[in-house]
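Let the hints inform the model, and build the full structure from the sequences given.
Residue numbers (the numbering used here), protein chains in the order written: chain A, 1 to 346; chain B, 1001 to 1355; chain C, 2001 to 2430.
In short, the hints are calculated from the structure, not lab data. Each hint should be verified, as a subset may be incorrect.
[Claimed, not checked] The calculated lysine-lysine pairs, modelled on DSS-like cross-linking and capped at a C-alpha distance of 25 Å, are:
1) B:Lys-1208 - A:Lys-257
2) A:Lys-242 - A:Lys-257
3) A:Lys-242 - B:Lys-1102
These figures come from a predicted structure and were not determined experimentally.
If you want the building blocks of each chain, they are given just below.
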Amino acid sequence: MQQPQWWWCAVKKWGYLVSRLLWAGVATWVILTITFVLMEFTPNAQYAQLQFSAAQSGGDPEQALETAKRLRGDTGTLWAQYTEFLSNIVSGNWGWSTYRSQPVTEALATAIPWSMMYGVPSLIISTVLGMTIGLYSALNQYSREDYAATLFAFMGISIPNFWFAIILLVFFGTVLNWVPILFDTGVAQNAAGNLTLGGVFSLANLRQLILPVVVLTTGSIASLMRYSRAEALEYVEADFVKTARAKGVSDRMIVLKHILRPASIPLATLLVGDLLGIIFVGSYLVEVVFGIPGLGTLSYNAIINQDTALVFGTIFVPTFIAIVGNLAQDLSYAYLDPRISFGDDE
Amino acid sequence: MSTQTTPDATDAASRNDDVLLSVEDLVVQFDTDGGTVHAVDGVSFDVREGETLCIVGESGSGKTISCEAITRLFRSPPGFIRGGSVEFDGTDLTSCSDDRLKEYRGNRIAHVFQNPQGALNPVYTIGNQVREAVELHTDLEGSAIRDRVVDLLGEVGIPEPVTHLGDYPHELSGGMKQRVVIAMALAGEPDLLIADEPTTALDVTIQKQILDLLNDVQERHDMSVIFVTHDLGVVAQIADRVLVMYAGKVMERDDVFDLFESPEHPYTAALLDCLPGSGGLEGIPGDLPDPFNPPAGCRFAERCPAVTEECIEGDQPPEYPVGSDDHTVSCVHHAPDGDPGELDGVTGAIGGDES
Amino acid sequence: MSADGDDAPGGDSGVRTDGAGEDVVSSNRRTFEDIDWTAIEADSRRVPPLTALWWGLLTVLVSGLLFDAYWRFAPEIPDVPVLGLLARETGGAFSFPVVGVITPLTWLYALTLLFVVFKAIVPLVRDRRMTMYYWREFRKNRLAVLSLVWLAVIFAIGTVGPLFLNTPKVAPLEAYQPPVFMSVDSGVPVSCVGETINGRCHGTWEHPFGTTAQGKDILVSVIYGMKISMQVGLIGSFLVILVASAVGLLAAYSRGWMDEILMRYVDIQITFPTFFLYLLVTFMFGGSLFNMIVIFGLFGWGGIARIVRSEALQRREEEYVLASENTGAGTWSVIRRHLLPNVSNSVITAVSLLIPSLILFEAALAFLGLGDPTIPSWGEVIASGRRDLDRAVWISTLPGIFLFFTILAFNFVGDALRDALDPRNVGGES
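Here is the structure:
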């Protein structure tokens, strides 16, 4: 059996990395272009307003539009505007939010920490718990715990999280009064209105974060549980596990070394791709229900207030994260699985 | 060969000294959604030191489960040993705890499985996996372990073992993979090697190589071998004694030469008939009995050309000796009050080739 | 089990004919020489009635859809005298005698049902043996059977109900009525339709599920919501199946650069979350159910296309495809006869899990107020009850229960379908 040259392998590995990066870049560019095109077609509320008032006062709406555009710098050929748009995005100038009266990037920067406050714990808990329970289920297939976990998984995936949030809020907030009904942003901030570490981790803040985390977690954990159970099951019943047993390897080592390690590959990829998706969409609804001033609420308000720049800005963030996530997913899959040899087809 | 005794002698004192493994009345069942599968239903056999016992039968005969039951390798649930005993070198393995059993696995009893493709963990190098076996079963440390790994790989016929230590399973051919599996099995210097259809998934030319390798290894290490197969051609090449199983029961048990020359059970005769070159092309008509609900009487009755009323009553007929004590058949026609004449034309002396 | 189990291979040539020497249909013992080729050829030129019906209905519905969509978005609706006989134009939509107002959505729904009947139900009825096999496997999962019953009920009520009931009407005087099994402090509703006992207003059968803050009857809203959810789920998945199968099969069959391009496109499409896409569309064009369903259908097919492609790639290497190609079957024929049926099992499973997410999406969007304001939907009712959680908890709770159980039912059914249909799961012990 001929061993491929070691340097050829290295080239292929690096080549893959580069190609994936390039692809991420291409995807980003495509999405930006589409955004630009869409933006061109979006009725701009302000311009519409201007034209309307111009028409009302007997002026020339076309002229008014021209002037406004020139003032705004919204002139030039389509291509010029396009390149300017792209360079703006890259340089961090994402436009001005009329609704918030601040640059889009600033609005995003203030909103993101709030989203992370419940998003990150949710991500961690669902990952750890989800995979653990899934693995346990696979190892103890058909046991009572397995059935209970599966049932729980079904419920978790099925329950509409916005409805669940409402129900929990009623029960734990109104009826039991264990958690506050209204989200108080002041609890996590200092006098000047800036987020402080102490404030974020304060008991009051944690209390009001419990329900959002629970709601978001139940959805994603269920999904993760089912997938990791399915993946682990394939390995649990694999022949090489039987070989290991016949060799006399201890049960613990079998689980850790022979099942977990190979199973972690598809699981790692799953984690990044699907989980992020669930979290983003879920967080949108969670924030609206609980009144958390995070990315979701920002986006929602932007839509309601017809704030074009902000709308696109708030849609970029999850999209870019998704692209990066996919990239990480592809790379980790390729590097973790020795069976994949970068372009050799079976 | 030393004096022979019947395989199911229960008197320990009269048991032969060089019997390494003694399986008696083994019953293994699987509890599934569709019912209880009677995989192994009262099987007994012995393996003596240094000998090769071949267990022959079709898929579903229970031969694999019988072997996995020796060190309890099948998943439990849903599989359970519900009767009988497995005595290995004086200890009943069925009553051992899992921990105790682990000391035997790989160490004194090793397994080689059918499917080399799946037998090796894809994310670890073969060096790593053989090393695992060496670490488990020897007291070697440091570089001695690596040397032993290289030795083992060399012994099973892997050329230039050192260069292959870092190979992943998917980089090797089927034959090579199987050699690695055998190397792992040898790491603990086992007394008994159980090979479950190790060559079935391989090309014929590779098959021969692996069989030769197993022969070599057995001689060199003075091991006993249980070789499970459905291929009588292979049996002819390597077996000392043969056990023929069908639907969870033993049909016939014999010395290999005698078996090929004059099989006494209709099933064995039918199997031999299926060998290429012996003329028949029909196969054995009929189907396997329902594993959930085995029929009364002889399991093979439905498909047997010599079937009579007695065959379908009661239990599977006990194994009656034929000729020498070492040859037994589970057939009513060989009972003391039976008529072997019924089997004329079905069993008995077969002319010709055993290859 | 075959009755011919005892035949030796090679077949014996017991030919059964009736007196006239014609072949008897379904005789197992015909030999090759007995086949009457001219008769078969003559037969194949005649179009069987079912196929004729299929093509006829398809044409009608597709033209209706295109027609209606065009008029709807065209700048002005021209005066076509013939059309005036058939339908009356009411506020931009055509109104037909019996069925009332028809929107592009109605055409789409009808198309979907047409496909379901002709492409799913008819083949199932024809191949009874396989259907019974699938059913037996499916039946093993009792929860799934229960779920199926629930879904059938929802579908029935959702289809029939709106024909007899009017859309929920705003009735301020009847606001905040509690459901029939509950009572609420009499200060909550404006006036109590039922009895007031001990200062508590009790629910009545007039409003079994109570009413919303605007006085809309919740039971009627729930029933209309069933219809909406069913439409979203079915039409959306129909579109998805259509596009995903087309793209997946095309990619798998053509290989090369066509495959590459298509899959790259799918990659990008999958990266962009459909949810946000819909948000954008709503932002730009306003919310409407039609938009929502079309967006889902046109942009949510990526995952299933991948499944179709990978399955088709596997099947493409199978010998029966090769054999078919060798006898001269064209590309389209091979795809239709060999690849499609074998891929359909995975598609069905994937779709049965897609439908609940579509329904959930619609509900979420309606909840956010970004859905179609003209139609009553479960999400909308839930949203309307948010402010009154402390006083009138039933407004948000009841529709949510229906939503929850419907989605749960789909998930159970999808899981059972996967077990029943997936050939890989039919494993035996050897």
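Checked hints:
For the proposed pair Lys-1208 of chain B and Lys-257 of chain A, the alpha carbon gap of about 34 Å is over 25 Å, so the pair is violated. Taken as a hint, the Lys-242 of chain A and Lys-257 of chain A pair is honoured in the structure, with Cα atoms around 13 Å apart against an allowance of 25 Å. Of the supplied pair hints, the one linking Lys-242 of chain A and Lys-1102 of chain B holds, its CA atoms being roughly 13 Å apart against a limit of 25 Å.
The structure fails to meet hint 1 from the earlier list, while all remaining hints are met.
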